[in-house]
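**Q** Sequence:
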Amino acid sequence: MARMPEIEELKRATELRSTLRALAEVLSRFSHNMTETQTNLSSLSSELGKNRDQVHEDRRLKDGKLLAQGLGYNEEQIHKLDKVNFSHLAKRLLQVFQEECVQKYQTSLVTHGNRMRLVHKARNHLRLVGCSVAACNTEAQGVQEGLSKILDGLSHQLLQDRTKGAQASPPPVATYASPALRDLGVHMEKLYEEMKLLAFDLQDNNRIIEGLSRVQSAPDV
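Each residue of the sequence shown is one higher than the one before, counting from 1 in full-length UniProt numbering.
Hints are not guaranteed to be accurate.
[Said to hold, decoys possible] Calculated pairs, EDC-like style, for lysine to aspartate or glutamate (alpha carbon to alpha carbon, straight line, at most 20 Å):
(1) K11 - D152
(2) K149 - E139
(3) K11 - E139
(4) K11 - E99
(5) K121 - D53
(6) K121 - E36
(7) K164 - D152
(8) K104 - E139
(9) K149 - E15
(10) K104 - E47
Just so you know, the hints here were simulated from the structure itself, not pulled from any lab data. The structure presented is a predicted model; accordingly, all values stated were derived computationally and were not measured.
Work out the full structure: start from the sequences and follow the hints.
**A** Below is the structure:
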C-alpha cells in the first residue's frame with residue numbers, strides 16, 4: 001500500500017530536523033573555537049603592546065649613554081684605566097653587555113616567530129570557519145526551503161480537507177475505513193509539532209550564523 005502524502009511529509013520533516021540538529025552542533029563548536037581564538041589574539045595584542053614599549057626603551061641604548069652608566073665608567077675614566085693596564089676589564093664588561101644584547105635579540109626573534117605562527121594559525125582558522133559557516137548557511141537555507149514547501153503543502157491539504165468536510169454530508173458509519181485514514185489525524189498533529197520544532201531550530205541556527213558572521217567580519221588584530 002502506498003504511503004499517505006502526510007506520512008511522507010512527516011518523514012521528511014523528521015529528516016530536516018535531524019539535519020538542523022547536526023548543523024547546530026557544528027555551529028556550536030565553531031562558536032566555541034572562535035571565542036578561544038579571540039581570547040588568544042587579545043592576549044597576544046596585549047603582550048605586543050608591552051614589548052613595543054620595551055623596544056622603544058631599548059633603542060635609547062644606541063647612543064651608549066646607558067652603557068657608560070651601567071659600567072660606572074665614562075670615556076675619561078676608561079682612558080685612565082687603559083694607562084694602568086685595566087682596559088681589558090672595561091672591554092670585558094662591554095663584551096658581556098654586547099653578548100647580553102645579542103641573547104635578548106635572539107630570544108626576541110624566537111618569540112616573534114612563535115607569535116607569527118599563532119597569528120597565521122588564527123587566520124587560517126578564521127578562513128576555515130568562514131567557509132564552513134557559509135556552507136552551513138547554504139544548507140540551512142535549503143532546509144528552510146524544504147520546510148516552507150512542506151508547510152505550504154500541509155496548509156493546502158488542510159484547507160482542502162476542511163472544504164470537503166464542510167460540503168460533504170456526515171457519513172453513516174466509517175467502520176470500514178483504512179488504518180491509514182483512521183490515523184491521519186494523529187499523523188497531522190505530529191507533523192504540525194515537527195514543523196514548530198523545525199522553526200525553532202532554524203531560528204537558533206540563524207542566530208548562531210549571524211554571530212559568527214559578525215566575528216568573521218571584525219577587523220584583524
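**Q** Verify the proposed pairing of K11 with E99, using a straight-line Cα cut of 20 Å.
**A** violated, 75 Å
**Q** Does the alpha-carbon distance linking K164 and D152 stay inside the 20 Å limit?
**A** holds, 18 Å
**Q** Given the proposed pairing of K149 with E15, does the C-alpha separation stay at or below 20 Å?
**A** Holds, because 14 Å separates the two Cα atoms, which is no more than 20 Å.
**Q** K11 and E139 were given as a pair; does the straight-line alpha-carbon distance stay at or below 20 Å?
**A** With Cα atoms ~19 Å apart, K11 and E139 stay inside 20 Å; holds.
**Q** Is the hinted pair K121 and D53 satisfied, with a Cα-Cα distance of at most 20 Å?
**A** Answer violated: K121 to D53 is near 26 Å, above 20 Å.
**Q** When you check the alpha-carbon spacing of K121 and E36, does it fall within 20 Å?
**A** Holds, at roughly 13 Å.
**Q** Is the Cα-Cα distance between K104 and E139 20 Å or less?
**A** violated, 52 Å
**Q** If you draw a straight line from the CA of K149 to the CA of E139, is it 20 Å or shorter?
**A** holds, 15 Å
**Q** Checking one constraint from the list: CA of K11 to CA of D152, max 20 Å. Satisfied?
**A** holds, 16 Å
**Q** Against the 20 Å threshold, does the CA-CA distance of K104 and E47 hold or violate the hint?
**A** Given pair K104, E47 holds - Cα atoms ~16 Å apart, limit 20 Å.
In this structure, the hints that do not hold are numbers 4, 5 and 8, in rising order.
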